[in-house]
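Enquirer: Here the protein sequences line up with chains A and B, keeping their order. So the first sequence is numbered by our numbering: it starts at -13 and just counts up by one. So the second sequence is numbered by our numbering: it starts at -13 and just counts up by one.
Mixed in with the good hints there might be a few duds.
One copy or two, either will do: identical chains are not told apart, so a pair holds if it fits within one copy or between any two.
Each computed SDA-like pair below joins lysine to any residue, with the alpha-carbon atoms no more than 20 Å apart [unchecked claim]:
#1 Lys10 to Gly207
#2 Lys40 to Arg327
#3 Lys10 to Ala231
#4 Lys208 to Arg63
#5 Lys10 to Arg21
#6 Lys40 to Ser331
#7 Lys10 to Asp229
#8 Lys10 to Ala273
#9 Lys208 to Pro80
#10 Lys10 to Asp230
#11 Lys10 to Glu108
#12 Lys208 to Leu83
#13 Lys208 to Pro45
#14 Lys208 to Gly69
#15 Lys10 to Gly287
#16 Lys208 to Ala93
#17 Lys208 to Thr92
#18 Lys10 to Gln212
#19 Lys40 to Gly287
#20 Lys40 to Pro169
#21 Lys10 to Pro20
Simulated from the structure, these hints should not be mistaken for laboratory data.
Protein chains: 2
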Amino acid sequence: MRETGRRELVRLGANESAFGPSPKAVAAMTAELPRLSWYGDPESLDLRDALAEKHGCAPSEIVVGAGIDDLMGLVVRAFVAPGEPALMVRGTYPTFLYHVVGYGGTAVYGSYRDDGRPDIEELAAIARRAVPRVVYFANPDNPSGDFVSRDEMQRFYDALPHDSLLLLDEAYADFVDDSDLLPPVFEDRLIRLRTFSKAYGMAGARIGYALSTESNIRTFGKIRLQYGINRNAQIGALAALQDDAFTEYVVAETARAREAYYGLARELGAPCIESRTNFVCVGMESAQRATRVMDELLLRGVWVRKPGAPPLDSYIRVSAGTEPMRGAFAQALRAVLASPRTSLS
Amino acid sequence: MRETGRRELVRLGANESAFGPSPKAVAAMTAELPRLSWYGDPESLDLRDALAEKHGCAPSEIVVGAGIDDLMGLVVRAFVAPGEPALMVRGTYPTFLYHVVGYGGTAVYGSYRDDGRPDIEELAAIARRAVPRVVYFANPDNPSGDFVSRDEMQRFYDALPHDSLLLLDEAYADFVDDSDLLPPVFEDRLIRLRTFSKAYGMAGARIGYALSTESNIRTFGKIRLQYGINRNAQIGALAALQDDAFTEYVVAETARAREAYYGLARELGAPCIESRTNFVCVGMESAQRATRVMDELLLRGVWVRKPGAPPLDSYIRVSAGTEPMRGAFAQALRAVLASPRTSLS
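Start from the sequences, fold in the hints, and give me the full structure.
Expert: Right under this line is the structure:
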């Protein structure tokens, strides 16, 4: 916003929830703001109790962190020693790579297929060859939006070497039915990451959690910031968890937004990658044109982003908006694509 | 609170502000809670602009972190390689040591003098011998409350080896007049840490900052969590910074609380360490008796803590409270010390 000088943007660039946090979470946080002078509970006991009930596990199998980015740092620090390999799809959500580089690990890469889906067979084959300490996989994936089904995921996990740990980033899993997800298994070689940033609409709060074995969770307890979580984030997350009706509304509206983007893409003759997240990638033929379209949209007050690495770099990525936001995006994209400089062939 | 089963405690154990956050900060945060679905500004631009004005430096000389604990982790990670020495007073605020151990550094210790003050001459002598990568010093100190004057601090800094970096933890510096603090120097071998947790009453928000050279700040920028700060904490901190009248009120009330504790200690024949912070250490003759007094106070609903390492382990540490809280503490302490089991000799 500083860069464009605009005061109001249609924010569809960061996969934030356009539907906001639960009003019940807002009410709970508002009531507690005068006590923000108190530290939060270093053990997040109340929140972990509620999460344990949600996931059918013990509180000792959960650690709360300041968002998934924070938790990924703990995983890399605990499990990837300097020089050791860590595997991921090149171009996926970048924070895991950021930590691998930052902690001196050696990045090993799989790739996206030409259709924009992560090549999970290739990833498993590389894992068997390179035996990385950690395999990072986002399911659903960001930035593609693609989802690997439960059975495929189970086969992938089973195909990994037994010395490799699967770090499953499930930031967008709340948009997927539980029955489509890998069942709740608690094994030392599996760590699942969840967040309140997406379906729960609390990206600004910085709160997420990891599910794994008590042994792994104890390891994180030895290196994490003991007072790292905002007290109000703990309170809001607990209230958000208890507001099922609101979460269901967000998930339904998000599905509606995806359908609206698919329809718009069809109308404009642009390809889409089917998404199970709160965003959709729309194809712009080339990376250069995708960048130009993104820039032109920004000049019209609509902020979207685009993946940086091929083959997804020829797409723009638009987050699920409310109906007025979707309308503003559709209008702006139609105008941009009608201009000779940025029209699709 | 879970451990005692009580629902309400007089919280005087964690050096939180009993005077809460600024009402203007609460109002600003309340207004923005519905937008907690947005990520905060990864660069904290508005806040850094305001902090730069406060400290007469450039925004590029400031990095914002999720509290001082977070920033100390960055310093250790950036400057203390595995096996390298890092120096601190044994028994001072423990998070620096936590990070040194966590990142594989070698802890080297100075000590407190018998009167409870950090032995700063000894610390400088050890630094000249051991040439630690980082010397951690809290001024004012926690848990003693002691303050090293501007001139002494300058001599200490000048006496350190040129290959040692001074990490000056100024969490409690807002309770001290600026004219008593080390002047604002920006050199690669000096990093100062500040927080919104104490005088600004926002411990639960997790927000603090480091002041140093642009070069050091750039280094932190390569390893810090880019989206690590709660959006509402950024907004509240900015509003709190602008509410000078409230901060002055908190600082004045805190001084009043210290005087009240000194008076109570005199009445009870207990020694005190003079404090420039929002807490006071009151001597209980022995570590065993201090623990017993602390436990007895808790049974009476008053939560204080005690330092763990000698010679300070014979003190209880009580945070500055409001007048009713001070009254509750005085009443409870009088009762505890009147009991034969816990009376002072």
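Enquirer: If a hint holds in the structure, say so; if it does not, say that too.
Expert: Hint by hint, here is what the structure shows:
1. Neither within a single protomer nor between protomers do Lys10 and Gly207 lie at most 20 Å apart by alpha-carbon distance, with minima of 30 Å and 36 Å respectively.
2. For the identical chains of this complex, Lys40 and Arg327 are neighbours neither inside a copy (51 Å) nor across copies (47 Å), given an alpha-carbon limit of 20 Å.
3. Taking CA atoms no more than 20 Å apart as the test, Lys10 paired with Ala231 passes inside one copy only; the shortest distance there is 11 Å, against 33 Å between copies.
4. In this assembly of identical chains, the alpha carbons of Lys208 and Arg63 lie at most 20 Å apart whether taken from the same copy (11 Å) or from different copies (16 Å).
5. In this homomeric assembly, Lys10 and Arg21 come within 20 Å of each other (Cα to Cα) both inside a single copy, at 18 Å, and across copies, at 14 Å.
6. Taking identical chains as interchangeable, the C-alpha atoms of Lys40 and Ser331 are never at most 20 Å apart, the minima being 49 Å within one chain and 55 Å between chains.
7. Proximity of Lys10 and Asp229 under a CA criterion of 20 Å is satisfied intra-copy only: 7 Å inside one chain copy versus 29 Å between copies.
8. In this homomeric assembly, Lys10 and Ala273 never come within 20 Å of each other (Cα to Cα): the closest approach is 42 Å inside a single copy and 46 Å across copies.
9. In this homomeric assembly, Lys208 and Pro80 come within 20 Å of each other (Cα to Cα) only across copies, at 14 Å, whereas the closest approach inside a single copy is 25 Å.
10. Proximity of Lys10 to Asp230 under the C-alpha cut-off of 20 Å is restricted to the intra-copy arrangement: shortest distance 11 Å within a copy versus 33 Å between copies.
11. Taking the shortest alpha-carbon separations for Lys10 and Glu108, neither the intra-copy value of 44 Å nor the inter-copy value of 55 Å comes in at or below 20 Å.
12. In the homo-oligomer, the alpha carbons of Lys208 and Leu83 lie at most 20 Å apart only across protomers (13 Å), although the nearest pairing inside one protomer, at 23 Å, exceeds that limit.
13. In this homomeric assembly, Lys208 and Pro45 come within 20 Å of each other (Cα to Cα) only inside a single copy, at 17 Å, whereas the closest approach across copies is 34 Å.
14. Taking identical chains as interchangeable, the C-alpha atoms of Lys208 and Gly69 lie at most 20 Å apart only when they sit on different chains, with a minimum of 19 Å there against 22 Å within one chain.
15. For a Cα distance limit of 20 Å, the shortest separation of Lys10 from Gly287 qualifies neither inside one copy, at 31 Å, nor across copies, at 31 Å.
16. Proximity of Lys208 to Ala93 under the C-alpha cut-off of 20 Å is restricted to the inter-copy arrangement: shortest distance 17 Å between copies versus 25 Å within a copy.
17. Within a single copy, Lys208 and Thr92 get their C-alpha atoms only as close as 24 Å, which misses the 20 Å cut-off; across copies the closest is 17 Å, which meets it.
18. Neither within a single protomer nor between protomers do Lys10 and Gln212 lie at most 20 Å apart by alpha-carbon distance, with minima of 27 Å and 29 Å respectively.
19. Taking the shortest Cα distances, Lys40 and Gly287 never come within 20 Å of each other, neither inside one copy (40 Å) nor across copies (34 Å).
20. Taking the closest pair of Cα atoms, Lys40 and Pro169 come within 20 Å of each other only inside a single copy of the chain (13 Å); across copies the shortest separation is 53 Å, beyond that limit.
21. Taking identical chains as interchangeable, the C-alpha atoms of Lys10 and Pro20 lie at most 20 Å apart whether they share a chain (17 Å) or sit on different chains (11 Å).
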